[in-house]
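A.B. asks: Sequence order for the protein chains is A and B. For the first sequence, the working numbering gives the first residue as 1, with consecutive numbering after it. For the second sequence, the working numbering gives the first residue as 1, with consecutive numbering after it.
There are no misleading hints in this set.
Example chain A residues on the side facing chain B (calculated, C-beta under 7 angstroms, incomplete):
1) Asp43
2) Asn55
3) Ile86
4) Glu87
5) Phe103
6) Ile109
7) Gln110
8) Gly150
With a cut-off of at most 16 angstroms between alpha-carbon atoms, the simulated EDC-like pairs for lysine to aspartate or glutamate come out as follows:
9) Lys2(A) to Asp62(B)
10) Lys32(A) to Glu107(B)
11) Lys111(B) to Glu8(A)
12) Lys7(B) to Asp105(A)
13) Lys2(A) to Glu107(B)
14) Lys288(B) to Asp52(A)
15) Lys111(B) to Glu4(A)
16) Lys111(B) to Glu7(A)
17) Lys288(B) to Asp53(A)
18) Lys32(A) to Glu106(B)
19) Lys111(B) to Glu6(A)
20) Lys2(A) to Glu106(B)
21) Lys403(B) to Glu424(B)
22) Lys2(A) to Asp29(B)
According to the in silico footprint, chain A covers these stretches of chain B (three or more CB under 8 angstroms from chain A):
23) 488-498
24) 668-674
Hints in this document: simulated from the structure, not taken from any laboratory. Here a beta-carbon is modelled for each residue, glycine too, at the ideal position from N, C-alpha and C.
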Amino acid sequence: MKIENEEELRGRKEYSLTVNGRKVMVFVHPSKTLLEVLREDLDLIGTKCGCDDTNCGVCTVLMDGHPVKSCTILIPQAAGHTILTIEGLEAAPDNLHPLQQSFIDHTAIQCGFCTPAMVLTAKAILDENPHASEEEIREGLHGNVCRCTGYKQITEAIMAVRDGEYGDFLQWEEVNHK
Amino acid sequence: MESLIGKGCRRIDAYDKVTGRGLYASDYDNQFTHVAQIKALRSPYAHALIKKLDISRAQALDGVIYVMTGYEKGIDWDQFPKAAVLAMDRALWAGQTVALVCAETEEIAEKAVDLIDVEYEVLPHVLDYYDAIKPNPAAVVDPDYETRDQGFMDRPADRATNRVSPNIVGAYFMNEGNVEEAMKTADRIAEGEFWVGKKTASPMECANALCRYDNDGGITMWSNGAGVHGVIKQGIVRILGMEESHVRVIQPYMGGSFGSRLNPFIELLTALMCIRTKRTVRYKFTRKELFIASPSNWTCITKVKLGAKNDGTIVANDYYLCEEIGAALNNTFFSGRLSSSGAAPVYTWGHNIRMDTYAVTTNTVPAAEYRGLGCPEAEFGIECLINQLADELHMSPVEIRKKNMIKRGERDCYGELITSTGIEKCMEAVADAIKVEEEPVQDMGVWKKGRGIAVAGKQNTPLGRSEAEVWFNSDGTIELFISCDENGMGATTAMTQIVANEFKVPIEAVKTTKGDTAITPYDNYSASSRTTYNCGNACMLAAQDCIRQLKDEVARAYGLHPSKVEIEGTKAILKGSYVQEVDIPSLFVPVGMFTQGNWGLQKGSPVKGHAVYCPAAIHQWGKDGRADRVWNWFQYSACAVEAAVNEETGQIRILKIASSADTGNPINTETIRGQIIGGIHMAVGFATMEEHLYDDKGQMWNCNLSDYRLPLSDTLPTNDNVFTFICPDPLPDGPYGAKGMAESITIPVGPAIAEAVYKAVGVRVTGYPMTAERILKLIEDRDAVSEGGAR
Chain A
1 MKIENEEELR GRKEYSLTVN GRKVMVFVHP SKTLLEVLRE DLDLIGTKCG CDDTNCGVCT
61 VLMDGHPVKS CTILIPQAAG HTILTIEGLE AAPDNLHPLQ QSFIDHTAIQ CGFCTPAMVL
121 TAKAILDENP HASEEEIREG LHGNVCRCTG YKQITEAIMA VRDGEYGDFL QWEEVNHK
Chain B
1 MESLIGKGCR RIDAYDKVTG RGLYASDYDN QFTHVAQIKA LRSPYAHALI KKLDISRAQA
61 LDGVIYVMTG YEKGIDWDQF PKAAVLAMDR ALWAGQTVAL VCAETEEIAE KAVDLIDVEY
121 EVLPHVLDYY DAIKPNPAAV VDPDYETRDQ GFMDRPADRA TNRVSPNIVG AYFMNEGNVE
181 EAMKTADRIA EGEFWVGKKT ASPMECANAL CRYDNDGGIT MWSNGAGVHG VIKQGIVRIL
241 GMEESHVRVI QPYMGGSFGS RLNPFIELLT ALMCIRTKRT VRYKFTRKEL FIASPSNWTC
301 ITKVKLGAKN DGTIVANDYY LCEEIGAALN NTFFSGRLSS SGAAPVYTWG HNIRMDTYAV
361 TTNTVPAAEY RGLGCPEAEF GIECLINQLA DELHMSPVEI RKKNMIKRGE RDCYGELITS
421 TGIEKCMEAV ADAIKVEEEP VQDMGVWKKG RGIAVAGKQN TPLGRSEAEV WFNSDGTIEL
481 FISCDENGMG ATTAMTQIVA NEFKVPIEAV KTTKGDTAIT PYDNYSASSR TTYNCGNACM
541 LAAQDCIRQL KDEVARAYGL HPSKVEIEGT KAILKGSYVQ EVDIPSLFVP VGMFTQGNWG
601 LQKGSPVKGH AVYCPAAIHQ WGKDGRADRV WNWFQYSACA VEAAVNEETG QIRILKIASS
661 ADTGNPINTE TIRGQIIGGI HMAVGFATME EHLYDDKGQM WNCNLSDYRL PLSDTLPTND
721 NVFTFICPDP LPDGPYGAKG MAESITIPVG PAIAEAVYKA VGVRVTGYPM TAERILKLIE
781 DRDAVSEGGA R
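Same shape as in the complex, but just chain A (with noise of 0.2 angstroms):
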């Protein structure tokens, strides 16, 4: 049986967000975490926790459009902002984010626990300034956390969208997006 804690069930209060384009409400006490309610309540296991007091950088989600780190949002912060997850990028199974493909074609990717956050970044970064440099593209990676990679193939990723090398990276979201 499920044992559910007293004190916790009656703080519960409703909290309404936008994810992944779609209206969701739900109903959870008001100390649960952005990562904890997109994980535990609306299932997006994409976002990944590596550490708890944002260091890593594997939960990043995009609120509004910016990168945030949701271990750290509680979910009264979250209320009424919309939320971009990994799983809320693609378009369609067959038809991914131009930054998903690019990450895959320059082996961006080793063991992939960072990788949700790492594209969404690299997504936040892209539309703020669509022409940044390498040193600002790393600059703005600098929060993310990989193990594995050493950025070269990672950049090198971000730099072919950016280049164009898989369309109007802008004009896809535009189509995709909406």
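Using the hints provided, position chain B relative to the given structure of chain A.
C.D. replies: This is chain B only, laid out in the frame that chain A set:
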């Protein structure tokens, strides 16, 4: 079809990982209902007597299922991984488990941990080599070392006698030639003592395991541990006394390992709790626990003395090494032999070498495997001294190394034949890329530039068998079943590539299933960079076994000798027959009342190839520590850097870096490139940032990712300043001539940076991490000496 070997095929797991669909062990909570949670009470002291341990209030808390202590009945902690041992009357390091609580929820488990009443009597502790090695140390970690029953060592030769300190718990000695006589013939002696910091592998996914209690009394485990068969299942069977048929271990995607998950510290405790509670249980380390309670690497102290002729020929190496292994009671693993193997594969030493090596215990987290198995630590001093010799002799660092390297076909100091070495090519490639023999232009103000180079070799240890199974399905699709680990390095892609190549099909035509003891065949584990070699050979053999059977079947059907049949994917090409080409799936007979399939090819029933590959065993070494087979083969790497050192702050910045790998014939050039860049990135962390730091209680205080700095996106220079080279020397017994490569990459980076620092600011580093504080101190000492001289 064109060969797939040496091609940068796409990773077979890339889609799963880039879409977030791939499941990791830590994602499995959602797959079950009512998962009980485990939380640990840990010792806050590095060394303490446990005077009182009262768990009754915790047990009484509603929702608590089980509380385990070191006195758990029927458990022999000696058999457990050292980091998994629960303290009994004495806590041996700050972070050791004192009690383990299993409860309905994480919150209840945490509350119960707080309710455990424990009283400690703090004892003096030893935290590093220098304290531990004293003849009368403040603490003795394993006082029973000498009185414990004989036979606890798997190799009696490793047992330490005549110990300098009671904390020495392992020893290995090796002698080739006559070091003392050879030293007398040297024109110049270079010597030094070198240290390195204690590190945690820090994969992005913290260690975790989930264990289901099955209806038949067996267990099924999902964890991010390595070695589903050889480490986890066999560990559970042997240590917990389970029947093999009652243990199933599944390895989903792993969020990194770098060797650190070869130690089943979390799996055994999770399985034990599962059996005790008959519940599905989950144990998940926090990032802090990963630092204080999961094995660190082992640090090594080396004292190196090299004798050389004026022309740069090294005539002897007098080498001392001590592994600092943490709080390991009943050590059966460490003797210094593993790490000191780093001194063997690169140089001849004039065939005069003496290695005196030891293992010493401390009150810190027990050590275990981490990328390079002590070789980055063991080779640091050697490479630093060779650079120093080159500087003193006004020789090129490339020339002095060339003069002293072992060539293919020669023997190393153990007496082993070196069958493959690409070290010279590796060195030349990076030296050329960074132009290490030229001086950089000083144009960065207080940032002074310098260039340095170093090389490295790393043994591969024979570690048992790998098996592989290859199916040719009746519709012509191909499947591969293996149990090697996929820590992220791309091994499963390389394995798939090998099978696809044998069948002459694109890699996409082969589906690979991996890491489930109920489905995939035995593999010991992926360690010592062995997967490409060991599992790769098994995959190749299994594919060939399957192809041989297909040839037999086709030959039978068309009245030919099997040698007249070639298999190319789903086609058989026939020689000398009335048909030239056969669609193999068409030979599989449908099931029907009039065609009972007692033999031959039948729809739905795959043709199965199976293979075992296991390297030859090593030979017990004699009193001189030598034998003609100690290791298996050797991987090589070289690194050159241009670094800038800020004379005012001591900071180091890498401006250019080149790394090369002798991979044997490469299987997948792109995943190898990833391993090279990832390896140097990690090694820059070793060399400049990462170390455990302790407070006066012996607690690690930087046990989080803001105080324990990992290399980030700005650690390496921009892409046009990062150079990678694959410099293969084929390994005769490797699949297509391939060998492993992931460990050697990390070894030469530290000493190359150390030499660049010397060239930049004229100070000799004797250890790492070379933090800004340490470099600044050396610069200040240098200035004090030169000012003193001026007066």
